[in-house]
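Engineer: Chain by chain, the residues:
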Amino acid sequence: MVSQKITIEPVTRVEGHGKITINLKPDGKVDHAYFHVNEFRGFEKFCEGRMVFEMPTITPRICGICPVSHHLASAKAGDVVFGAPPPRTASLLRDLTHMGQVIQSHGMHFFELAGPDLILGFDADPAIRNVVGLIQADPGLTLKAVALRKYGQEIIHMVAGRRIHPNFAVPGGVNNALNPEYRDAILKDADEMIAITKVGLQIFKDWAAKNREDVDKFAVFPTGYLGLVTPENALELYQGDIRLVDSKGDQLEKFDANDYLENIAEHVEDWSYLKFPYYKKIGYPAGVYRVGPLGRLNASEKIDTPLANEEFKEYRAMYDWKPVENTLNYHYARLIEILFAIEKVKVLLDDPDILGKDILNTRHNFKGEGVGVIEAPRGTLIHHYIAKEDGQLEKVNLIVSTGHNNWAMSESVDSVAKTYITGAEITEGILNRVEAAIRAHDPCLSCSTHAVGKMPLIVEVRDSEGILVKTLRRDS
Amino acid sequence: MVYNFCMNIKTLFLGYGNPDRGDDGAAWHILNQLFIEKNMPDTDIFTADLISLTEKVDVWFNFQLLPEYVETIGEYQKVVFIDAHTGEIKDDLSLQKLAPAFANSPFTHHMTPSSLLSIAESITGKYPESWMLSVRGYEFKFDCTLSPRTEELCAQAIMLLKDNFLN
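In order, the protein sequence lines correspond to chains U and X. The opening residue of the first sequence carries number 0 in numbering that gives the first Met the number 0; numbering runs sequentially from there. The opening residue of the second sequence carries number 0 in numbering that gives the first Met the number 0; numbering runs sequentially from there.
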């Protein structure tokens, strides 16, 4: 048997999507597997020449999945550029909108994208291993999932005025105060959403207990971990310093977002268009780190809301408070973060200042340069702007969440491929596990683009001389 | 085939795509032109939610399709999805009736109109009569304008919408 190459490539309309290549040795074992991203970073150039105050409405167009995160990170960068820190009420309202984004995005991921693998099984018939199969298997659960996602969307709608692409946050604050009726409406359903999230947590715990072997061999590897924290190192998603811990959980750095270039650099590999961020002082690849739910909980020492903190303690105790390295635990961490976000919604809405009318700081002290950082559902999102005195942008740099996790996604693919492909026939279930290694990170590669029709997987098997031996296509 | 039987006899034009990615924004250009021709040129379909175009037709524009749209499309008797394509559909301009069919997306958040109908059917047992109006796109760079060929197709697409759903 000659060596072979397998390519898993969703066929899509434009660049900005990824594919997986698995190189097999002559004995059928995996030589190396890669996750490539054909990402075109043209958006930064597209933004240069625009005005800073336009950016909170332009940058959400990067992404149809987490537009609110870009909207808020952009407004935060604008705050610094204009030297206009927002009034407290505005910060509370932005934070509330962000919690809506986290709830809807995480809710969708767990119940609708990861759920089919966990509830129906990695090896289930792909024709039913999807959200429709989930509806048929457990209609009650699916309706709960829809309700949770809708709750998050409605928070965004009520607070920011539009469900998908709000025009709400502006440099210096927000442009709309909160209606007291909306506050009451959001609060009314919060406990029901907590109950739904607890159902999700129990589903994951039960699944993990029955599938411990998978959890413990599925893409388990050490990295650093990065995320926003409070001054006391509690989990924070909107406002805080960036904390980076090493693979043992010891703090490497804690820094203000405006100092990110002193700590983060980006490496280029010739097999991916997406760069590989790493901790500058250690270098690449030793300084790579993970972001998103797993990274954030590893970078945090506690959670400031009671229910989420109880779950956090149970989660971290599983591995004696060492960093959790198991990629499948991204799902567990994501559910804990939903719980935190709903509890945070209650905290924010109970704050008397949430109904304040002082929502915009119009006194500017122009600085010309600013960085906005936020914990998007998928991980740390950095917007960095440099502007001329009239507010026109000269330079834009964006480090998106999926970029931070680039190395980890590729390592996960390599690890899962080597663990599960052992020279025997490569089944659909095994390929699904390789894809699931990517899905666990919940990457956002679609970047506001889409395609008419299905997204088939093309699997090409090539021999060591590059000759196509076999092509597999599955449209499910 | 179980279509919605609802009191609301309205039609929804549900366009999606990214107006900042050249021809990917074909649906936005089509829907925007409909409002211009209705003497409503200031209508901002990008930042608004659902907007009435006529007594019987509402318009909704989004970047991409999401599962919760099931609830909204379920309120309409008929839905016309409007999007661009890259040539995977035989005709440059195509109007096709849709049936529910779920398509998995390996590791993205991609969702098709037929997937949306499939979810609607699974949850509620019904789905609206639906059509896909698809326009061939040629240029998908970061640009707010259409390529000349797609611009011409969009003009034809507007005529199709008028002939089949507006007049």
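None of these hints come from the bench; they were simulated from the model. It is possible that some hints are incorrect.
Claimed, not checked - Where chain X lies over chain U, by a calculated footprint (3+ residues, C-beta under 8 Å):
no. : stretch
1   : 129–138
2   : 148–156
To be verified - Looking from chain U toward chain X, a few residues come up when the C-beta cut is under 10 Å (computed):
no. : residue
3   : F42
4   : R60
5   : P115
6   : I118
7   : G120
8   : I202
9   : M317
Here the structure is a predicted model, which is why all the values come from computation and not from measurement. Where is the CB? At the ideal position from N, CA and C, for every residue including glycine.
Engineer: If you check each hint against the structure, which ones fail?
Structural biologist: Hints 6, 7, 8 and 9 not satisfied by this model.
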